[in-house]
Amino acid sequence: AQSVTQLGSHVSVSEGALVLLRCNYSSSVPPYLFWYVQYPNQGLQLLLKYTSAATLVKGINGFEAEFKKSETSFHLTKPSAHMSDAAEYFCAVSSVSGGYNKLIFGAGTRLAVHP
Amino acid sequence: ETGVTQSPTHLIKTRGQQVTLRCSSQSGHNTVSWYQQALGQGPQFIFQYYREEENGRGNFPPRFSGLQFPNYSSELNVNALELDDSALYLCASSQDRDGEKLFFGSGTQLSVL
Chain U
1 AQSVTQLGSH VSVSEGALVL LRCNYSSSVP PYLFWYVQYP NQGLQLLLKY TSAATLVKGI
61 NGFEAEFKKS ETSFHLTKPS AHMSDAAEYF CAVSSVSGGY NKLIFGAGTR LAVHP
Chain A
1001 ETGVTQSPTH LIKTRGQQVT LRCSSQSGHN TVSWYQQALG QGPQFIFQYY REEENGRGNF
1061 PPRFSGLQFP NYSSELNVNA LELDDSALYL CASSQDRDGE KLFFGSGTQL SVL
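Protein sequence lines correspond, in order, to chains U and A. Per the numbering used here, the first sequence starts with residue 1, numbered consecutively. Per the numbering used here, the second sequence starts with residue 1001, numbered consecutively.
One or more hints might be untrue.
To be verified - Straight-line C-alpha distance at most 30 Å; calculated DSS-like pairs for lysine-lysine: (1) U/Lys-49 x A/Lys-1101; (2) U/Lys-49 x U/Lys-68; (3) U/Lys-69 x A/Lys-1101; (4) U/Lys-68 x A/Lys-1101; (5) A/Lys-1101 x U/Lys-58.
No lab work stands behind these hints, which were simulated from the structure alone. Since the model is a prediction, treat every value here as computed from it, not as a measurement.
Please work from the sequences and hints to get the whole structure.
See below:
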């Protein structure tokens, strides 16, 4: 069975500081991995995805994530936080079985950015 | 290109009632998936519809049911509502049933009192 664990339900950084949101996965097959962002009262927006091409994936809004098979990790980073990055972030793994695809999400990490 | 739209945005029901939530898929998408997001948790897969047929189901009881229409819009129905059904319900559409890119709506916030 596939699963995702996000370490840290809340992360707080200063504006301009490095953002690091941690995600570890468990999968018996090569995984497809995703990061989604959810702003208040909104749905989920795809930040980036890993689909077995380059291990360093660049996404929108300056975010990137690195797939590390040896560590079963897919951590999300951004060099310099902006106030507008404050949101909930979800890591997810794609599970394809029986002809359909579903996403298995972590519990989320709420990012706070303070001046 | 239109996005995924859900209605209503908010809904309050009492325990034991029935509710219907609606979703319009993104143009050109034939697959819709529904997710339940309880407070403080990540979304959980309820089921997926592909070309008007249920194509896959998560660990939810039969009182959660759905429909997909010829125009690929969709409904989620929940019977005999329980307090634990209070959650944000998200609809996501994709171009195919094994498509990895999902487009999410803004969700319907359901409160069961």
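>> Going through the numbered hints above, which ones does this structure break? Give me the numbers in ascending order.
In response: none
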